[in-house]
Structure formats: structure tokens, C-alpha cells
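Chemist: Each chain, written out:
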Amino acid sequence: MRKGQNRFVVGFLLVPVALYLIFVIWPYIQTFGYSLTDWKGQSQTFAFIGLDNYTALFEDDIFLQAIWHNILFLVFIPVITILLALFFAFMLNAGGRGRAGGVSGVAGSGFYKIVYFFPQVLSLAILAVLFGAVYRSDSGGMLNGLLMKLGLVDESAPIEWLNEPNMVLWALILVVVWHGVGFYLVLFSAAMQAIPRDIYEAALIDGAGRAHTFFRITLPLLWDSVQTAWVYLGIAAMDMFILVSTMTAGEYGGGPDHHSEVMATVMMRNFLLYGRSGYACAMGVVMLLLTLIVSVVMLRATRRERVEF
Amino acid sequence: MSAPLKTASRGDSVPTGPTVNKGRTGPGDERGEGVVLNVFSHGFLALWALLIVLPLLWLVLSSFKTDAQIGGSAFGWPENWSFDVFSRAWDKGIGDYFVNTVIVLVFSVPLTMLFGSMAAYVLARYPFTGNRLLYYFFVAGAMFPVFLALVPLFFMVKRLDMLNTYQGLILVYVAYSLPFTVFFMHAFFRTLPTAVFEAAILDGASHTRTFFQVMLPMAKPGLISVGIFNTLGQWNQFILPTVLMQPQSGDDPERYVLTQGLIQLQQQQGYASDLPVLFAGVTIAMIPMLVVYLSFQRQVQAGLTSATLK
Numbered sequence: 001m002r003k004g005q006n007r008f009v010v011g012f013l014l015v016p017v018a019l020y021l022i023f024v025i026w027p028y029i030q031t032f033g034y035s036l037t038d039w040k041g042q043s044q045t046f047a048f049i050g051l052d053n054y055t056a057l058f059e060d061d062i063f064l065q066a067i068w069h070n071i072l073f074l075v076f077i078p079v080i081t082i083l084l085a086l087f088f089a090f091m092l093n094a095g096g097r098g099r100a101g102g103v104s105g106v107a108g109s110g111f112y113k114i115v116y117f118f119p120q121v122l123s124l125a126i127l128a129v130l131f132g133a134v135y136r137s138d139s140g141g142m143l144n145g146l147l148m149k150l151g152l153v154d155e156s157a158p159i160e161w162l163n164e165p166n167m168v169l170w171a172l173i174l175v176v177v178w179h180g181v182g183f184y185l186v187l188f189s190a191a192m193q194a195i196p197r198d199i200y201e202a203a204l205i206d207g208a209g210r211a212h213t214f215f216r217i218t219l220p221l222l223w224d225s226v227q228t229a230w231v232y233l234g235i236a237a238m239d240m241f242i243l244v245s246t247m248t249a250g251e252y253g254g255g256p257d258h259h260s261e262v263m264a265t266v267m268m269r270n271f272l273l274y275g276r277s278g279y280a281c282a283m284g285v286v287m288l289l290l291t292l293i294v295s296v297v298m299l300r301a302t303r304r305e306r307v308e309f
Numbered sequence: 001m002s003a004p005l006k007t008a009s010r011g012d013s014v015p016t017g018p019t020v021n022k023g024r025t026g027p028g029d030e031r032g033e034g035v036v037l038n039v040f041s042h043g044f045l046a047l048w049a050l051l052i053v054l055p056l057l058w059l060v061l062s063s064f065k066t067d068a069q070i071g072g073s074a075f076g077w078p079e080n081w082s083f084d085v086f087s088r089a090w091d092k093g094i095g096d097y098f099v100n101t102v103i104v105l106v107f108s109v110p111l112t113m114l115f116g117s118m119a120a121y122v123l124a125r126y127p128f129t130g131n132r133l134l135y136y137f138f139v140a141g142a143m144f145p146v147f148l149a150l151v152p153l154f155f156m157v158k159r160l161d162m163l164n165t166y167q168g169l170i171l172v173y174v175a176y177s178l179p180f181t182v183f184f185m186h187a188f189f190r191t192l193p194t195a196v197f198e199a200a201i202l203d204g205a206s207h208t209r210t211f212f213q214v215m216l217p218m219a220k221p222g223l224i225s226v227g228i229f230n231t232l233g234q235w236n237q238f239i240l241p242t243v244l245m246q247p248q249s250g251d252d253p254e255r256y257v258l259t260q261g262l263i264q265l266q267q268q269q270g271y272a273s274d275l276p277v278l279f280a281g282v283t284i285a286m287i288p289m290l291v292v293y294l295s296f297q298r299q300v301q302a303g304l305t306s307a308t309l310k
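Chains as they are written, first to last, in UniProt numbering: chain A, 1 to 309; chain B, 1 to 310.
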């Protein structure tokens, strides 16, 4: 029995490990190497140029601006999404007070949970087309059309949601929040359902109101999932490639005039359009480092004493 | 280990707090607070549901309008309900993109499940040197952004002569789905009872046979969850096909997948202005996901949350 076992283990691991090494791990490692070269990408000829790509990065105003935009996303996307998701999750799981003092969700919670989650299964490409239409800068756009109907916007001067430098980042944040709230709502719901009912009932008997119940019981017991959500959303905010590249103006997005540029769009443009592969790799490395820093900082900043129940 | 409940250790403020009407939580008070809050919270819940549903309905409705109507007012009602636009969208490329996506997924999802389960099973149930290391090596892949690997990945696939081929994209999809699949199935295989495994081995079944005929069928609930997740993820994948599925020469056929094709169509509409076709295309792309989601919504939600909560 022992004899066959080793062969079996190796046999089962061979293909998955090989695939994973060739297409995932090796490219990740190569990125570091290529980032130290002046590789153009067309041929396999390149010279080692040390950290030149990295020093060039720090003088690349577009890339620096892109980092700044990623930081803005990093602040607003997690905060708004988590607050909304927490509120909804609480309403749907412990907001109801009707039946005999028990704690339950408000009426229709099952329905809400299904509907809220739906954007999560739509591809980002669909979101891009959908919100491209919603944000249209004439009366045919859903938002402009609505605001005109209400008389809040003049027909001759519609709002250029995606072409207004001050507006475009907010327009993108809205899409991400719309897409994400449902998922985090379900995540928090699962965690809330794991909280024993009797804790709530005890609080009820003690006369705690909804706000008290939420801040004193639900939130502390939910902190682990909030932390998870925070890190996931942080990583998503460091990316943002699909929405920016498809919804905003310019080759691989970033418009108007680089006002919505993120690191990923600058990187893709340098790689696929300008053919500066080595330089793009250096950006990839910077993105990885920043993402790692963000994850660690977020984990540390939200660390609390673990509550067990 | 057993930290006391935070709420209990400083919960003294809950019952004695000044805002709490202690001692007389009569049903009347409850209801008074409840009505106002209920109206507010129900209103907010309903509002968010509307915010989800309305844009989608509006988009589907728009595919029945004419181009002039779409440019005119956002809230006009379509004048003729012709399904012609859907067949036009299908012919304009959505059909091909759809078929390409299906071709890729028919191979990539089962292969992901097969290879992911095999690796997870061995890692979960066979102790050997380097087991933990290999496990973390797999799981670490889920932490890094795909972007980091894009440039070398492109040239790797190019060197294998697999750019703009189905098999290239299939292999890459499988490889990038492995971290999550291994992670999830690893947890699942660990929970399966050892007794069944031992009985099968004693009855003379080989390890391979035990896996395929005993353990894999027992892991079916887990497989369904991961399967749905992988289907959704690969169906919606955009970055990998954008980089890997571009025609390499003039006579290289276009093999765009659905997400890529939709964006392509959207960019073309900027000039050609046939928006109903674009909206119809989005509707066509949305329907399979809607069907999958509504039929498996419990598994989808449970699968995703159990994976992230671990």
C-alpha cells in the first residue's frame, strides 16, 4: 500500500503544479527580472539597466497622479461600501422586532438579499456598458434624463459625468459601490447569523434599542468579517482597470486629461500601446508592493482583540 | 483563549444607560420607536432594491427602442416591441463571442475542477514532506493581482504559440483558477470521514479509484459551489482575454470572448451609433448569468461567503 502511494501523490500533483508554475508563478517571478531591463517586448533582446525604470517612474507625472487616484479609491470605496453593507445586513438580519420579542430580519429580507446580490454576478464589462448609458451626457442618459425631468438640470447644459475632471472619480466610485454592496451584505449576514440568538434576546430584555444592539453587540462580534471586507475592497481599489479603461476617455481610459488614470491603465498603455514592457513590469512591481503594504496596514489598523462566542 | 465577551465585560452601560427606558420596555414604547424606524429603514431598503433593478430594466427596455429614441429622452417608452434587434445583435458578433466563451468554458471549468480537486485532495489527505509548503504556494496565488504577471504571461503564451487560441486561454484560466479551487476543496476534503477511505482501500481499491469513485462523489456539495464560482469568474473574465485573445495577423480569425466583444461593440458604437444592438448584446450576455444565479443563488451566496470567512 505504501508503495503505490508515492506514485499516486506525484501523479496527482504533476499536472496542476506544472500548469500553476508555468502560467502563474513563473510570470510573477519574471516580472521582477524584466523590470530591471529596457525590454521593448518585440524581440528577446534587452539590456540590464538596473533601477532606471524605477527612477523614471518617480518622474512620471501621469503615474504619480494615478497612484493618487488609487489612494482616493482606497479611502472612499471601502468606507462607503462597508457602511452601506453593514446597515443593510443589520436591517435584514436583526432589524425586525415584530414577532414575540424574537430577533429576525425585516419582512422581505430573503427577497432583498437576492436582489442586492445580483450586480455581483454581472461582469464588469456589462457594468461598463450599463453605466456608460446611465452616465450619457445628454437627455438620453438615465441620470441626466431624470434630472432634466425634475427640472434640476438645464437641457442645454447636461452634466458630463464622465468628462468632468472633478466628477469622473465619483462616478466610478458609485459604480463600484453599486456592484459591491450586495456581496458584502451577504458576507456580513453570514457572520451575523453565526451570532447566538440568546445574546440578542438578552439585550432585548435589558431594553437595548436598535442602535445599542448594533454598536454594542453586532459590530464587535462582526469585526473579523469587516476586516476581511476591508482588505478585499482595498485590493479592488488598487486595481480598477476594467471600469476606468472602458468607461473613461482615452486609449485604455484615464481621461479626461488623465483625471481618472489609475496605475493599471498607465501600465497597460505602456505595455500594449507604447511597447515599453520593462517599464510596465516596473509598474507591476510597484503595484504589488503598494497592494501588499495596503493589506498589511489595513489588517494592522483594524486589529482588535478577538471576540469569541 | 477564552476571552470573555466584550459586550459582557463592559456591557454595564447597556442596561443602565440614560437613554434606555429601563424597567418599562412595554410593547407600546417598542412599537412607537419601531414604526418610525421601520418606515425609514423599509424605505431605504426598497430604494436600494429599486436602484439595483431600475437601471437593468431600463437597459433591457432600451434595446427595444430606436437609436433616435435613445438619444432623445431617457424615459420614452419603446414604440414597437420587435425582437429583431436581438437577432441583429447576435449576427453582429455577439453570437460568435457567445460561442467562443462557451467553447472555452466547456473545457476550462471541468479541467479546473478536476485538477483543483486532485491537488487539493492529495494536499489534504496525504502527509508528505513539503505538503504545507506546496499548499501555501498554491493559495498565495490568490493574493497577487493578475496585473503583475501580465507582461511575462503574454510572452509565455506567445512562446508556446498559443496566443489567440482556445487551448491557450483554457490553460491560463485553469491555472489562474487553481488557487481558489485548491483552497476551497482542501477545506472540504479534510472534513470527509477517514473511515470510508480506509474501507475502500481495504476492499482493494487503488488510491486513484478511491478518489474518483468514493471521495469525489462525497465532495459533491463542495464541487457544486466551486463549480458555480469558477463558471461565474471565468465567464466574466476580461483582463486575461484582452491580453491573450487578439488576432495575431491579418488572417488570424477573431476569437473574442463575450466580455471582450461587448466592450469592442461599445467602442464601435461610438462611431456607428447602433445603440439598441449594444443593449441587446448586453441583455443576451446577462441572461445566462441571471439564470445561473437565480437557480443556484443559495449555493452562490453560501459558497462565496464560506470561502471568504475562512
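Keep in mind that a hint or two might mislead.
[Stated by the list, open to error] In silico DSS-like pairs for lysine-lysine, Cα to Cα no more than 30 Å straight-line:
#, chain 1, residue 1, chain 2, residue 2
1, A, K113, B, K220
2, B, K158, B, K92
3, B, K92, A, K40
FYI, nobody ran anything at the bench for these hints, they're computed from the structure.
These numbers were taken from a predicted model, which means no experiment stands behind them.
Chemist: Take the hints in turn and mark each one as holding or not.
Modeler: Now for the hints, and whether the structure bears them out:
For the hint pairing A:K113 with B:K220, the CA-to-CA distance comes to about 25 Å; that is within 30 Å, so the pair holds. Taking the CA atoms of B:K158 and B:K92, the gap is near 29 Å; set against the 30 Å cutoff, the hint holds. For the hint pairing B:K92 with A:K40, the CA-to-CA distance comes to about 36 Å; that exceeds 30 Å, so the pair is violated.
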